[in-house]
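J.: These are the residues of each chain, in order.
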Amino acid sequence: MASIKQNPTPIPITLPDLRNLGIQLRVLVGANLMAVIASILRSNTLENAWLELLEISAAMQPLLLAAMATLFVAHRQLARLPYRIGVIATFALVLGLATLLQMIASRQFGLESAPSLIRIWSFSSIVTGILLAYFNLRGRALSPAITEARLQALQARIRPHFLFNSINAVLSLMHSDPKRAETALEDLADLFRVLMADNRQLVPLDSEMALCRQYLALEKLRLGERLQLAWYVDKMPLDALIPPLVLQPLLENAVYHGIEPSETGGEITINIYRSGNQVHLQLSNPYDAAGNNHHGNRMALGNIRERLALHFDAEARLLIKSTEKQYQVHIVIPYRTEP
Amino acid sequence: MSDAPLTKVLIADDEEPARNRLRELLADFPGIVISGEARNGKEALALAAETLPDVMLLDIRMPEIDGIETAGHALKLFRPPAVIFTTAYDSHAMQAFEMNAVDYLLKPIRRERLHNALKKARALLPQQLEGIRQLRPQRSHFSATERGRILLIPVGDVIYLRAELKYLTVRTLEREYLIDDSLTRVEQEFPDTFLRLHRNCLVAQASIRGFEKRHEPNGENHWLVLLKGIPETLPVSRRQQHLVHEIGE
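Chains A and W supply the protein sequences, listed in that same order.
Residue numbering for the first sequence follows the working numbering, starting at 57 and increasing by one per position.
Residue numbering for the second sequence follows the working numbering, starting at 14 and increasing by one per position.
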């Protein structure tokens with residue numbers, strides 16, 4: 057069932073998003089690395105290289121930080137422009153800031169001690185150009201061909217155990233409770249519609265939750281009283297964006313490893329809330345560490361971790377806390393209402 | 014054919030909808046009567062001992078005791094029933110079943126397939142059980158038969174096992190049982206649970222309270238294992254004395 061589409065629509069290359077922590081770090085490290093290389097190239101001894109680096113840094117750091125701050129603030133506007141125009145705008149911003157800082161510096165510290173404007177312009181153009189090229193290449197490497205294939209491979213799993221058990225449950229209700237059977241089939245159709253859809257774009261938490269409720273309604277059909285649920289979602293931000301099918305597979309794991317192996321069943325706790333500009337999702341289920349095999353868990357978790365990283369880079373976390381009796385997954389993502 | 018006695022079928026599945034479906038399908042077959050419904054392996058074995066079914070339909074995935082282990086224990090019944098496994102999807106299990114010519118049905122179960130399976134249902138041969146044992150490498154219970162009943166002994170309750178001729182004595186806090194098994198097999202199946210004290214004896218690690226050295230008048234010393242909860246002690250063979258130092262409490 058893996059893929060019906062052969063040619064996925066490519067995700068367009070965009071300007072690096074300076075609001076993203078991973079990108080900020082890469083810019084800082086990249087620019088400073090280039091400064092180090094430049095100072096090594098220009099000197100013949102280590103001591104001279106160090107002095108050269110200090111000189112370059114004195115001019116570069118304020119410009120670097122000012123540029124990063126400006127691009128942070130201006131990202132939304134820049135992102136709306138077509139890529140090429142955005143690149144030119146970025147260059148213009150950097151060079152403009154360089155000029156501004158140079159003017160301030162020469163007014164404060166005197167014209168002679170400041171490096172020449174031409175030199176600053178050329179160095180910052182080269183650094184900006186190299187960084188933009190790096191992010192462009194990274195964007196190409198990370199999407200379409202590879203990321204696409206990755207995301208498609210990551211999503212292509214049907215869960216046969218769930219599917220066939222559910223159909224069996226529906227069949228058993230056909231005569232005794234046809235209305236319930238009807239709703240169950242509709243829920244099943246909705247669930248699989250999402251499973252088969254293009255799931256590379258972020259979706260609002262609202263719709264992921266609706267899917268989870270449908271999924272759990274189907275599981276309740278099979279498991280009856282053995283499946284108990286505790287929802288703590290009053291403070292959940294409905295418009296927060298999340299990669300699709302992050303919660304539902306975790307619930308599936310919770311049912312498979314936590315509820316099914318127990319004769320009396322147990323309770324799954326779902327807790328979603330916003331704290332500052334982060335969204336927290338906590339899922340907890342009873343767990344008998346002794347009897348269980350973890351393999352299914354590991355695969356699904358790896359899948360989710362990878363998709364979180366592809367969408368949010370360093371700003372998303374997945375933590376697992378497991379005791380002898382309880383198993384808890386805790387996901388943190390940045391609170392985003394726009395992709 | 015019309016004079017054939019009724020075939021008694023026992024259903025075992027932890028999910029109520031699955032049991033309902035089987036019950037409905039079976040109701041349509043002439044000559045079939047349902048001798049009982051069980052939610053797990055434990056219940057299935059208790060019912061089977063009482064009603065002596067001809068066929069057991071066992072879901073391989075059940076809490077307490079699962080289908081595969083249940084089939085193993087069921088071989089000890091006075092008249093071992095035919096076993097048909099059911100599964101929603103388990104490629105591992107399906108492979109093992111096919112390799113050992115063990116019959117199984119995929120959920121959702123189809124009327125004709127159930128019908129065919131019932132017609133050719135046969136009791137599992139010991140070698141078939143061996144073949145599928147890898148699906149359930151460690152039992153959760155030992156089983157003993159006593160006056161037609163199957164007694165299930167949780168592995169965690171076992172203090173020691175001792176070999177007596179062809180059988181094993183299994184000691185728990187409450188009593189002793191006689192089971193048909195071999196020390197070697199138990200040792201291999203539960204390498205982390207039981208220790209070999211000597212050729213005839215396995216002790217549960219968790220039951221060891223301590224060790225005691227007994228001095229014999231002729232100068233030879235040997236070690237004894239002290240057990241939790243019962244006054245008995247077990248001798249340690251000379252060859253296994255290194256264990257005393259390894260466990261060292």
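Please note that the accuracy of each hint is not assured.
As the list claims (entries may be wrong) - In silico negatives: residues of chain W with every beta carbon more than 10 Å from chain A:
| id | residue |
| --- | --- |
| 1 | P30 |
| 2 | Y102 |
| 3 | P121 |
To be verified - Partner residues are not named here, just some residues of chain A that face chain W (Cβ under 8 Å, in silico):
| id | residue |
| --- | --- |
| 4 | N224 |
| 5 | L279 |
| 6 | L283 |
| 7 | G322 |
| 8 | E323 |
These are calculated hints, taken from the structure and not from any lab test.
All C-beta atoms in this analysis are idealised placements derived from N, C-alpha and C, irrespective of residue type, glycine included.
J.: Does each hint hold? Answer for all of them.
T.: Hints, one by one, checked against the model:
At roughly 4 Å from the closest C-beta of chain A, the C-beta of P30/W falls inside 10 Å, breaking its exclusion from the interface. Not every CB of chain A lies more than 10 Å from the CB of Y102/W, the least distance being 4 Å, so the non-interface label is violated. Taking the minimum C-beta to C-beta distance to chain A, about 4 Å, the non-interface status of P121/W is violated against the 10 Å cut. With a least beta-carbon distance of about 4 Å to chain W, the hint placing N224/A at the interface is held under the 8 Å criterion.
Given hint, L279/A at the interface with chain W, holds; its Cβ is 7 Å from that chain's nearest Cβ, closer than 8 Å. The closest approach between the C-beta of L283/A and any C-beta of chain W is roughly 11 Å, which is over the 8 Å cut-off, so the hint fails. Contact between G322/A and chain W, as hinted, is not supported at the beta carbon level, the nearest pair being about 11 Å apart and thus beyond 8 Å. With its C-beta approaching chain W no nearer than about 16 Å, E323/A sits outside the 8 Å limit, and its interface hint is violated.
Of the numbered hints stated above, those contradicted by the structure are hints 1, 2, 3, 6, 7 and 8, listed in ascending order.
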